[in-house]
Amino acid sequence: MKSRIPSGLPWVLPALLILVTLSIYPMIYSVKVSITDASGAFTLANFIRLFQDRLFGAAAVQTTVLTLVALVIEFVLGLALAVLIDSLARARSVFRAGLLVPMLLPPVVAAVAWRLIYNPQFGVLNGTLRRIGVNTAPLTWTSGENSALLSVILVDVWEWTPFLFLLLSAGLQAIPPEPIEAARIDGAGAWRIFRDVTLPLLKPTVLLALLLRAMDLVRIFDQIFILTQGGPGTATETVSLYIYRTAFRFSNFGYAAAMSFVLLAATIVFSRGLMRLMRAR
Amino acid sequence: MMRVSLSLILCALLAACSRSPERTLTIAVNAGVEGTALKLAAKEWGASKGVQVEVVELPYANLFEKEQLDLTSKTGAYDVIMLDDPWFPLMLESGSIAPLPHTLDADFVASCVEVCKDPKHPGAQYAVPYVGNSQLFFYRKDLFAKYNLTAPQTWDEVLAAAKKIGAGEKMFGYVMRAAPGNAAVADYMGLLWAFGGDVLDASGNPVCDSPAAIDALKFMLELGKYSPPGYAGFNADEVSAHLLQSTALMSINWPAWIAAMDDASKSKVVGKIDFTPMPSERVHGVGELGTWIVAVPAASKHAADAFDFIFWATDAPQMKQAALRGNPPTRRSVFQSPDLVAKFRAFPAQLASLESARARPRTSHWNEIENTFGIYISKANSGAMDPASAMHAAAAEIARIQQRAK
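Chains A and B supply the protein sequences, listed in that same order. Each step along the first sequence adds one to the number in our numbering, with nothing skipped, and position 234 is 234. Each step along the second sequence adds one to the number in our numbering, with nothing skipped, and position 383 is 664.
It is possible that part of the hints are untrue.
Below, computed lysine-lysine pairings styled on DSBU-like, alpha-carbon distance capped at 30 angstroms [as the list claims (entries may be wrong)]:
(1) K451/B - K549/B
(2) K355/B - K32/A
(3) K687/B - K355/B
(4) K347/B - K32/A
(5) K398/B - K355/B
(6) K398/B - K32/A
(7) K427/B - K624/B
(8) K624/B - K549/B
(9) K422/B - K624/B
In case anyone wonders, no lab produced these hints; they're calculated from the structure.
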């Protein structure tokens, strides 16, 4: 009689056990924590609170703005750099290696460095601007109500544009030369070739790059924690930061879990929307 | 031969079983000067008692998370925990801190002992105060003397000196921290109390929208005009950097920064800064208490050793050693020790401040209340809200937190 246990099971069992212990069980536990109160009774209070919580609302708006603005800037810059460096005959690898340096730094180190750079009095940014005659008195960067989010976005753009550049550059190199040659023979100019040939062929890479970066931006935490701690006020408070505070500072794991699931759902919806948009074009 | 082998194996097994379990003590401490002194003390104690000591050093933010997780899950991962006093009411709530086997002696400063009690059932003590931190007022005594001014006794005098000396010396008259959360609250509380206001009343209801509280916030904004631009995002590092670089005249600060002020390798103001208790205004000024305390989790598997250690580490001779390592003591006799007073010139001011210092409201929801309160103080300081609207909004949010907790 043939055994009903798959022969490969013993080999995948260790990995399966690790997955169940470290991912699936905590996920189920999080669901349980989010829908039960302190006495263990079923409740949807944590999810209802989400719609009444002004701090969560502000954090959700900030996260959306930060994600969209940073994503657009990083994509445009990453694509421009990829096209530019791809067109270079020489020194391509030198530029590529140089551009990757910010991405290789741990985000915490980059954020600490930028915190020093942004210091209104002692920082190198205002110091340099002062030397060239700019009045830096109103330039408070991470402390300004209107400039704090922009300062955070700037750090993210500096650190993660190379990631998009790297993916898009790899995508450009994977495009076969024949369609571009054919378009050139047909008399198409550089912009026309880029718009009608290169970009459509690059679409799968663009989709992958945007998805990966968007998912990372939605859960941005370390840069903000070090640069602004969500301030001033709630000007740079993001959902991840609020979830962290709720769970580990206020010890409210149920509400933090509920927020995490909403963030997960929003990320899935955003990703699906992005995929449809890209496929439709 | 077989019998001999079996006998040997049996003997080895019996010997292994009869060995007493190794005595170990795991201590969670703050990664910083406060924790370093306790870590060194633990090693000395372990060597003298034949107990293996494992010290887990964690940054301030992670320390709370790890300790709270250990206490709520009752894993007994730590035998001794070092913690900041505002965390204590929440940690006591789950009944996971063991009460002290005997009460603390009268040499400990009373304000430090108070925060070692359960606010809901005052009486039993659950921790021993280890580091006697309370806010002090730092000011440039050389510049005050130059302008024939004495140490500021009131906040109005602080503001007047900030205007006069700041303009005369082309420096910032005052520097404060107003980053959201703990930073903004810590620098506002001294003003709030001096103006006669408070965050919560005796019943735990928010009163931070009282006229006194709004006036205190307006005064904070007035001081902000003489502070460096961007102070709404400042933390302790930026405040101290301005004092150390001689670009600011005065600030509220913690004793941990005193040593840096007199360290020529870091400071341009060696010997020029003096320290006083907090200025008064409508009522007597008091500083915020920030005592580091040590406690034994109820789930500790080595409670007897843990209590032995915390009482040993906080007796007068050991606390003197900790003071020499940079920790402000919690015992009056150590503060008044002549050789320490000769070595640490701020000790008299520190003791005076500590004796009158006030703990932050002792509620298990303080972390959330402080976060919310700090957001609105920060919003007012960054110009996003006016003081009255900010305090009304803060009171409403705090009321919601209290309501949810019921």
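Against the structure, the hints come out as follows:
1. K451/B - K549/B: holds (16 angstroms)
2. K355/B - K32/A: With a Cα-Cα distance of about 20 angstroms, the restraint between K355/B and K32/A holds, given a limit of 30 angstroms.
3. K687/B - K355/B: It holds: about 24 angstroms lies between the C-alpha atoms, which stays within 30 angstroms.
4. K347/B - K32/A: holds (22 angstroms)
5. K398/B - K355/B: Roughly 20 angstroms separates the two Cα atoms, so the pair holds.
6. K398/B - K32/A: violated (34 angstroms)
7. K427/B - K624/B: holds (26 angstroms)
8. K624/B - K549/B: holds (20 angstroms)
9. K422/B - K624/B: holds (19 angstroms)
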